[in-house]
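Protein chains: 2
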Amino acid sequence: MVNQVQRGDGSWQSCKSDSSGASNSSESSKESSRSSTPVLDVDRSDRLRDKMRRRMESGDRWFSLEFFPPRTASGAVNLISRFDRMGTGGPLFIDITWHPAGDPGSDKETSSLMIASTAVNYCGLESILHLTCCNQTKEKISGYLAKAKHLGLKNIMALRGDPVGADWEEEEGGFNYATDLVKHIRSEFDDYFDICVAGYPTGHPEAESYEEDLRHLKEKVDAGADFIITQLFFRADTFLKFLDDCRAIGITCPILPGIFPIQGYQSLRQLVKLSKLEVPEEITRVIEPIKDNDAAIRNYGIKQAVEMCRVLLDSGKVPGLHFYTLNREVATMEVLRQLGLWIEDPRRPLPWAVSAHPKRKVEDVRPIFWASRPKSYIYRTQDWDEFPNGRWGNSSSPAFGELNDYYLFYLKSKSSKDALLKMWGDELMSEESVYEVFTCYITAQPNRSGHKVMCLPWNDEPLAPETNLLKDELEKVNRRGVLTINSQPNINGKPSTDPIAGWGPAGGYVFQKAYLEFFTSSENVNALLKVLKKYEPRVNYHIVNVHGRNLTNAPDMQPNAVTWGIFPGREIVQPTVVDPDSFMYWKDEAFALWIEQWAKLYEDESPSRMIIKYIHDNYFLVNLVDNDFPLESCLWKVIDDMFELLDATPEPKD
Amino acid sequence: MVNQVQRGDGSWQSCKSDSSGASNSSESSKESSRSSTPVLDVDRSDRLRDKMRRRMESGDRWFSLEFFPPRTASGAVNLISRFDRMGTGGPLFIDITWHPAGDPGSDKETSSLMIASTAVNYCGLESILHLTCCNQTKEKISGYLAKAKHLGLKNIMALRGDPVGADWEEEEGGFNYATDLVKHIRSEFDDYFDICVAGYPTGHPEAESYEEDLRHLKEKVDAGADFIITQLFFRADTFLKFLDDCRAIGITCPILPGIFPIQGYQSLRQLVKLSKLEVPEEITRVIEPIKDNDAAIRNYGIKQAVEMCRVLLDSGKVPGLHFYTLNREVATMEVLRQLGLWIEDPRRPLPWAVSAHPKRKVEDVRPIFWASRPKSYIYRTQDWDEFPNGRWGNSSSPAFGELNDYYLFYLKSKSSKDALLKMWGDELMSEESVYEVFTCYITAQPNRSGHKVMCLPWNDEPLAPETNLLKDELEKVNRRGVLTINSQPNINGKPSTDPIAGWGPAGGYVFQKAYLEFFTSSENVNALLKVLKKYEPRVNYHIVNVHGRNLTNAPDMQPNAVTWGIFPGREIVQPTVVDPDSFMYWKDEAFALWIEQWAKLYEDESPSRMIIKYIHDNYFLVNLVDNDFPLESCLWKVIDDMFELLDATPEPKD
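Note that the protein sequences, when read in sequence, are chains A and B.
All the letters of the first sequence, read from the start, carry residue numbers 1 to 654 under full-length UniProt numbering.
All the letters of the second sequence, read from the start, carry residue numbers 1 to 654 under full-length UniProt numbering.
FYI, nobody ran anything at the bench for these hints, they're computed from the structure.
Among the hints, erroneous ones may be present.
[What the hints assert, rightly or not] Calculated pairs, EDC-like style, for lysine to aspartate or glutamate (alpha carbon to alpha carbon, straight line, at most 20 Å):
#: 1; chain 1: A; residue 1: K51; chain 2: B; residue 2: D556
#: 2; chain 1: B; residue 1: K530; chain 2: B; residue 2: D640
#: 3; chain 1: B; residue 1: K471; chain 2: B; residue 2: E427
#: 4; chain 1: A; residue 1: K417; chain 2: A; residue 2: E605
#: 5; chain 1: A; residue 1: K361; chain 2: B; residue 2: D556
#: 6; chain 1: B; residue 1: K471; chain 2: B; residue 2: E461
#: 7; chain 1: B; residue 1: K273; chain 2: B; residue 2: D162
#: 8; chain 1: B; residue 1: K361; chain 2: B; residue 2: D43
#: 9; chain 1: B; residue 1: K452; chain 2: B; residue 2: E432
#: 10; chain 1: B; residue 1: K51; chain 2: A; residue 2: D556
#: 11; chain 1: B; residue 1: K154; chain 2: B; residue 2: D191
#: 12; chain 1: B; residue 1: K494; chain 2: A; residue 2: E632
#: 13; chain 1: B; residue 1: K361; chain 2: A; residue 2: D556
#: 14; chain 1: B; residue 1: K414; chain 2: B; residue 2: E109
#: 15; chain 1: A; residue 1: K154; chain 2: A; residue 2: D385
#: 16; chain 1: A; residue 1: K149; chain 2: A; residue 2: D103
#: 17; chain 1: A; residue 1: K494; chain 2: B; residue 2: E632
[As the list claims (entries may be wrong)] Take a look, some chain B residues computed to stay more than 10 Å from chain A by CB distance:
#: 18; residue: R49
#: 19; residue: S187
#: 20; residue: I249
#: 21; residue: Q270
#: 22; residue: E307
#: 23; residue: S413
#: 24; residue: E431
#: 25; residue: P559
#: 26; residue: K600
#: 27; residue: P607
#: 28; residue: N627
Every residue gets a Cβ at the ideal spot worked out from N, C-alpha and C, and that includes glycine.
Work the whole structure out from these sequences, hints included.
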């Protein structure tokens, strides 16, 4: 029996052996843990060197971005935001440098380890953690590596680092060279990590000779490194010669050039001092005359980098470009745009931000409630061993961790307290003041003190494009005290490439049930419940207050699919559900945000604070789903009917 | 925190304790085995007494059917077909009687155990196995029970049975009464089985008195029985009095009346002799005059049963009716129809026939290939420990058992060898003769010897209604040697109540990708492959021959969803897939059926046999999926293009 499968393009691949029809009855028991279908994105399951290999085979170029750890907490918040923004351009990986003086392996928010971990877990980026080894014990290094692995990091750049002190002595049994570190990683962790090492296109400054340094590089690779990233250089042919020389001595792994767009006169001088590189004459000739003109230097730097990269790419020997960003965005993005490598129109593999922790690689379904707070969701589920795939399932829904620190670092609002007071009102007069804030957020119109409301406690960004489609209806209801914090329109089979609603591979169709989630008063809820009786079973609802009193008509408390997609050659993907159990965990967070982010802006016992507290204590959180997705959403009519009923009913006397 | 959830109808139910938002971090690890969502049919997971309880609460009446084991193998085949037919009417359960003389616990196809097991596994019917205990050792009884449990049976009717010999002595430590059996079952198997016991509305013939027999019945129930089914009776008030008397002495479980529609004069006399019941005068008065007129007696029997059942149902104390069918259909179905209890328009919970084995209760996805051979699929997967739920998944697809006995009893064709020869041709002239047979099957037109082709080796029934929609296109292609054995049209969101394509709960929408599966010559396949290049990636294909040589463009060999449904308040259901791995198991069966069911009708070495063998050895089995389900299926055009290419190409010279 032929075990090979011929692909449609004529190439053959081996089949799995039992698909040739073997039916040994001793193997007929189904394994108890089925792999999920790796549905949408091979990149989620492949390791970095395999992602590279696939791209090299298909000729798709890539880029990567290097960052250094920040010095301050707010610097870290900004850097994470930068990761989110630059992540949309489609880097194959990013890397984070390691500096012993900065406590790089600690739990501080600014450490290399925490920054790299955040990039993986919260920004969904494949990340390499640099690691220097000189002056470190093997135990210490193993400790860092174990911690990195636990946090979800899978790639290490193994470096010697700068020895402490002007002279340096080789230590017996210590790490003397990066090669020792590479060997150590392979010995302790087998093939778990992808390992990358540094190459120096003009030789390491401390090497005896260029040839010696090449031999040293080969040693590092032979010890178990998967690829090389080089120091920066100023001429394409500097790198290309180095590349040829590497190949000539038998280094076969990918070699990625390090690109540094010149960003300023002083920064170039500083760089030259540190790297001991020479700036070629053709560059100094241009820069010297304009050394006081930062903008001109930046433009030149971009132009020079683009030209050099084009030569590198055209050589056919350079599969990817590695950028030293110095934690800045503009120049790097501009170079990549001009090279056509920056993805302008990123397609989402799923409607929500994917985490890159290996244990989450098959995760493909989440409750909709955290749509605007994906980092919170990742945080609260970080202790799970397994993640839902295919279906959300039911009764064994696990507990969510507490969001026990509302100062959880990366979930802090990007806005200062002053900015928030301006947006949300430094003095609230009544509940209607709060309604106005929501309305201004929805409409993007300035509030009564002339400030735009750019965020709310539940949404740190302005309205998403998809939600913007519902702007008019949302405005109407918010004005009257239906304070919406999450919604989606119904969608009946739009192409998966739709710029607003699309996700997943091309050639598919995406669907949604209409969804609305809002805070509202208990008076409104009483009327709503009467109205909802007429809409059963078309509308599913769940209504809860901060004390946990809740009502739902979810059949058997089962999760309800609200987003799904059909793709060629794939099983169905159902990435969001409305789950009654999870809603009870979400509500804790949703109610607490009133206090933690809004009430606490005001003085204790102030009227403003009491107003927010009143809402927190007395309002209900409601979610509504319109199951009849091919029809126009009836949820707005449900709200209309509720208001009609309220308007018709005289005020109760209690 | 309030732990109760108020349902939309105002009733309260307890929430699962951790859904009130508890977030004890020591419980934050997700359990490794998630329950699936019990999506569509609570009946699949509830035990029988709970199904009854739900119906009694909602006031929905039910009926059940009793059968006796057949004496011959062909009687068994007929009985299984009867189960399939009568199963569509919606019995809550069926039961199978036990007769020690008939080897009822053996592996013979005619045994009570095997018949009951087949009803559960292959016909998807909740089934009760009768079990008599007198003259049996405890070991023997435990053996039967263990075997029943293993086979998937969950309900036992515990009976004493008829002691051997005219006199009967109580055995020390043996089973003297049904009560002993009930106790034994509870003691050995705890609460695994639902247990039912017999009641006698006029008292057991051997009881000392009616009151004594009532006390005895209470003893049986107190020993652990869940409900009672009664002996037949001729007057409604006989049963209703008995019911009141049972309640009066404290029997609270459901008591179901046994109904016997009189079917013939002799059968009534025989019954009276066995049961020692008296036929009331008002019945004999009618029957005697017409005792030679079977039709008249049957009509009277139906009328009498309907009237009696109406009185029983109107009493409000009778939740369900139990029918002694004597293995016949017509009278019972007519009575049930007149009572409005027979489901005329059965809704399918899933597009394929569900098995009732408890280990299969969450099974909700299968490969499409066995659509016409669900019993074969159940047989070949009977050793699996777990069944796919939600997604089919991939690489850990388990092996399928061999269909190692093409004489597998219940998969035998219902048609005799002679009938098959008439349909498929007692002499085949060429491959075109075979094409004609397929064409006649599709069109339901008689073949050239005037016989209708009612089945094919892969389809023991005529075309399903859904396939009938495609009749014209199917005819065209079969004529030219594209021998179709499975197909479905594309469906883009029909209501789940659609009479032809619908399945699952009401209020939902069902979808399908167009699918076509056929045998065809290798010449055709060569042309087809060229044509298919133009249709990538819209069309997925898999092409295989009997030797296992196969070609597919399935991305990463992943399963492709071809049927799915969206329902209110539920996660997505995706009940059929086209799976490349399973196709390789299916093809063994599909190719073998040429030989086992068709070729072997002819003499060894005869030209007819050689023709079938030639097809078996040289044709390919092809499956095609059109991924673009919102558009009209392109698969017919694919076939057209293939023929166009063939017609345009001169014959090759080999």
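Do the hints match the structure? See the list:
At most 20 Å may separate the alpha-carbon atoms for a hinted pair to count; K51(A) and D556(B) meet this at roughly 15 Å. For the proposed pair K530(B) and D640(B), the alpha carbon gap of about 13 Å is at most 20 Å, so the pair holds. Restraint check for K471(B) and E427(B): not satisfied, since their Cα atoms lie roughly 26 Å apart, outside the 20 Å limit. Restraint check for K417(A) and E605(A): satisfied, since their Cα atoms lie roughly 18 Å apart, inside the 20 Å limit.
About 17 Å separates the Cα atoms of K361(A) and D556(B), which keeps this hinted pair within 20 Å; it holds. Taking the CA atoms of K471(B) and E461(B), the gap is about 15 Å. The hint holds against a cut of 20 Å. Restraint check for K273(B) and D162(B): the C-alpha separation of about 15 Å stays at or below 20 Å, so the hint holds. Using a Cα cut-off of 20 Å, the hinted pair K361(B) and D43(B) holds, with the two alpha carbons roughly 9 Å apart.
For the proposed pair K452(B) and E432(B), the alpha carbon gap of about 18 Å is at most 20 Å, so the pair holds. About 15 Å separates the Cα atoms of K51(B) and D556(A), which keeps this hinted pair within 20 Å; it holds. Among the hinted pairs, K154(B) with D191(B) is consistent with the structure: their alpha-carbon atoms are about 10 Å apart, no more than 20 Å. Taking the CA atoms of K494(B) and E632(A), the gap is near 17 Å; set against the 20 Å cutoff, the hint holds.
The hinted pair formed by K361(B) and D556(A) meets the criterion: a straight-line CA distance of about 17 Å does not exceed 20 Å. Restraint check: the Cα-Cα separation between K414(B) and E109(B) comes to about 16 Å, which is no more than 20 Å; the hinted pair holds. The suggested pairing of K154(A) with D385(A) holds, with an alpha-carbon distance near 17 Å, which does not exceed 20 Å. For the suggested pair K149(A) and D103(A), the alpha carbons sit about 18 Å apart, so the restraint of at most 20 Å is met.
Between K494(A) and E632(B), the direct Cα distance comes to roughly 17 Å. Compliance with the 20 Å bound is thereby established for this hinted pair. Every CB of chain A is more than 10 Å from the CB of R49(B) (nearest about 19 Å), matching its label as outside the interface. With a cut of 10 Å on Cβ distances, S187(B) stays outside the contact zone with chain A, its closest approach being about 30 Å. The Cβ of I249(B) lies farther than 10 Å from every Cβ of chain A, with a closest approach of about 37 Å, so its non-interface assignment holds.
Non-interface call for Q270(B) relative to chain A: holds, since the shortest CB-CB distance, roughly 46 Å, exceeds 10 Å. For E307(B), the condition that its CB be more than 10 Å from all CB atoms of chain A holds, with the nearest at approximately 38 Å. No Cβ of chain A comes within 10 Å of the Cβ of S413(B); the nearest lies about 23 Å off, and the non-interface call holds. The claim that E431(B) is not at the interface with chain A holds, since no C-beta of that chain comes within 10 Å of its own (minimum 25 Å).
Annotated as non-interface, P559(B) brings its C-beta within 10 Å of a C-beta of chain A; the closest such distance is 6 Å. At roughly 21 Å from the closest C-beta of chain A, the C-beta of K600(B) stays outside 10 Å, upholding its exclusion from the interface. The claim that P607(B) is not at the interface with chain A holds, since no C-beta of that chain comes within 10 Å of its own (minimum 29 Å). Annotated as non-interface, N627(B) brings its C-beta within 10 Å of a C-beta of chain A; the closest such distance is 4 Å.
Checked against the numbered hints listed earlier, the structure breaks hints 3, 25 and 28; every other hint is satisfied.
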